[in-house]
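First to last, the sequence lines map onto chains A and B.
When you read off a place in the first sequence, starting at 1, and then add 148, the result is the number in this note's numbering.
Oh and the second sequence: position 48 is 41 in this note's numbering, straight run, nothing missing.
There could be a bad hint or two in this list.
[To be verified] Far from chain A, by Cβ distances over 10 angstroms, these chain B residues were calculated:
(1) CYS0
(2) GLY37
(3) ARG102
(4) ALA177
(5) GLY279
(6) SER302
(7) THR355
[What the hints assert, rightly or not] Residues of chain A clear of chain B, computed beta-carbon distances all greater than 10 angstroms:
(8) LEU196
(9) HIS206
(10) VAL224
(11) VAL343
[Said to hold, decoys possible] Covered by chain A, per the in silico footprint, the following chain B stretches (three or more residues, Cβ under 8 angstroms):
(12) 206 to 218
(13) 257 to 269
(14) 286 to 298
(15) 322 to 336
(16) 385 to 399
(17) 440 to 453
Please keep in mind that the hints were generated in silico from the structure rather than gathered at the bench.
For glycine and all other residues, C-beta sits at the position ideal for the given N, C-alpha and C.
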Amino acid sequence: MRRIVVAAFAVIAGLLVCLGLLLPSPWLGRVADLLLEGALILAAFALLLGLLNVLRTHARNIVKGPRRGQSIVLIVALLLTSAIGLLFPQSAAQAWIFDYIYLPIQASLGALLAFVALQAAFRAFRLRTVDAAILLASSLIMLFLQIPATAALWPRLGAVRDWMLTVPVAAGIRGLLLGIALGTMATALRILFAVDRPYTGEE
Amino acid sequence: MIVCPNCQHHNHVQATHCAQCGQSLAEAVYRVCPSCGALNPIEGQFCQRCLTDLTAPTAKAQPTPTPPDTTPEAAPVESVPTEPAPQPVKPKPNKRETKRKKRRDRNERAAQREIAPLPDPAEGREYKSAESGLAELGGDPLAGVADVLPLETAVALPHRGSPPSELRSEHDEQEDARLFSSLASEPAPLTAAAQQVLPPLRSELPRCLKLVLSLLLVLAACVPSLSPGWLPAPTTPSAGTSAMLSALSSLGSDAQVLIAYEYGPDHAAELDPVAERLLEQLADQGVRVHLLSTEPAGLGLAEQMLHGSDSLQMGLDNGQLQVLGLLPGREIGVRTLMRSVESAFRMQTATSGAHTADLTHTPTRVSGFDHVILLGDDSRAMRAWIEQAPPTLHPLAIVTAQVYPALVPYEASEQLATLVQGPTAAIELQASTSQRITPTGASDGLAALFLVVLCVAILANVLPVKPGKTR
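All chains, please: the whole structure from these sequences, using the hints.
Structure, rendered in structure tokens:
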């Protein structure tokens, strides 16, 4: 019974939002907006639940876990940041945490990707197959054309770069986007026709 | 109890001759099983306890029992052999059979507690004769079984031993077990992908070469800061940058622009220069700028940028620059924003004590802004803006080089008014205005990165690299 109710609610809500987007009806639009705001509130509560789940998991790790130290650091950082954000919003302490902890760590992780990509390129650029040759040639050509000085040295190279981006690259991206759109539509239709049922909490 | 085969009289367990007819009870009645020591009737072919073939050569090595004399007179009273009987040849025990016998014996002992434990042939006990065997056992091993099993009939009645049906079923069971074992040990049919044997993962890049390439990459990253400008900068901006510049330069002091910070700290170095340059230019023009983000990190970067520059801080103080806040929910948040700016930031305005956005000078709808500028490093976030925006809204997008190809179709379909790459736009903006950013250094940095990648490509195909250690 619960599965039927949940599936019916999902189907009705999906249909209303879909019709609200497609039909120029102010009533349907208001209903769709109301449902979307409800989804937003639900997402906020889901985030809170996720936060509590993280806390519970790492608290369990602290009690009887192999990586006790990491869990302690995580919980302390989480509680400290949350407390500062909740008690002193827009404060200097919160800005300090962002500027001197979060931002450098995130930027460092992004910078490390360059080294990983370089090692991956060493493996991928070995000319063993035709695919590897195409990958190597396209990578070098695109990277060369990305240098602003090339357009300054020879203006036609800028046109070549634009052509490559707007014709072959855009064609591939269009194919990907069409595939994503078709997959999204298929998934939406499966839910709307109750072929796929939303999560009901049952295993 | 020993039953005389002649008169079927029940004799004492230690009796050597029948008390009624004088028939010797030592060797004429029973045959000692060479395997388990059980006493079996002389007519039996198999041991009743362990099913050992009593007519096998080892068993035949036993002394041939003398046929019982039916006349009591003929039977010698003192017929107990003075010499020990020939020792039965002990069969070489098969391990599997020995285990099976042990198990069967154990079960029987558990079921019939009255039966005394029988000697284990594995212990190497020798049987010289039935009499000596009985003496060693300390009595009749079958004592007390008379009331449990019909041993009297089995012992007394002459019968030809035949393999019991249990043996046949055991054979069938063995066949079944063998079949089951073969089926269980047969490898399951694998799919084609699973049948492919993957080579072991090897680190093909030697450690020293890895270090060299990493150092080259670090040097390339340092080039923009160290370069005096070896390569010439582009003299004219690209078409996208030109369109963006012309669109922004035409804005008056009463114009309002919405800027979405949709990038994180990992791409801040790529987009921060152009974002800062844009803000300064708009502040110089007197344009009212509103900042927001769907990600907390983007909002933090925006606030950091505003507080990090004096001119931007001044604009922030006099209300020319305004941070609207966080727009949660990405697609849903953008859709809500498209419906009404006030409803999208209702939570912030309703919160007292927290950061409160002043929406009195903000257009109520997104269409009220003169331009919407998207700064992004995430194609999904950018697509959320493009797809949730009304068709009449044509944002200006400045994105990272990684996201740029994914958004080219949207520019071609005019859903984006302009689409430019962050580093290129920064250099071209610098070239057009000749202000703060050092374009030549950035151009040299990209060239150095290209050289590093070229070195990697050459080394990967020229250098004979030995396979490293298997991970």
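Consistency of the hints with the structure:
1. CYS0: holds, 77 angstroms
2. GLY37: About 62 angstroms separates GLY37 of chain B from the closest Cβ of chain A, which puts it past 10 angstroms; holds.
3. ARG102: holds, 47 angstroms
4. ALA177: holds, 30 angstroms
5. GLY279: holds, 26 angstroms
6. SER302: Its Cβ never comes within 10 angstroms of chain A, the nearest being 14 angstroms, so this holds.
7. THR355: holds, 19 angstroms
8. LEU196: Check passes; 12 angstroms lies beyond 10 angstroms.
9. HIS206: It holds; HIS206 of chain A is separated from chain B by about 21 angstroms at its closest Cβ, greater than 10 angstroms.
10. VAL224: holds, 20 angstroms
11. VAL343: holds, 23 angstroms
12. 206 to 218: holds (count 4)
13. 257 to 269: holds (count 6)
14. 286 to 298: Holds: 5 residues of the stretch 286 to 298 of chain B have a Cβ under 8 angstroms from chain A.
15. 322 to 336: holds (count 6)
16. 385 to 399: Three-residue rule met by the stretch 385 to 399 of chain B, so holds; n is 4.
17. 440 to 453: Holds, because 10 residues of the stretch 440 to 453 of chain B bring their Cβ atoms closer than 8 angstroms to Cβ atoms of chain A.
Going through the hint list in order, the structure satisfies each hint without exception.
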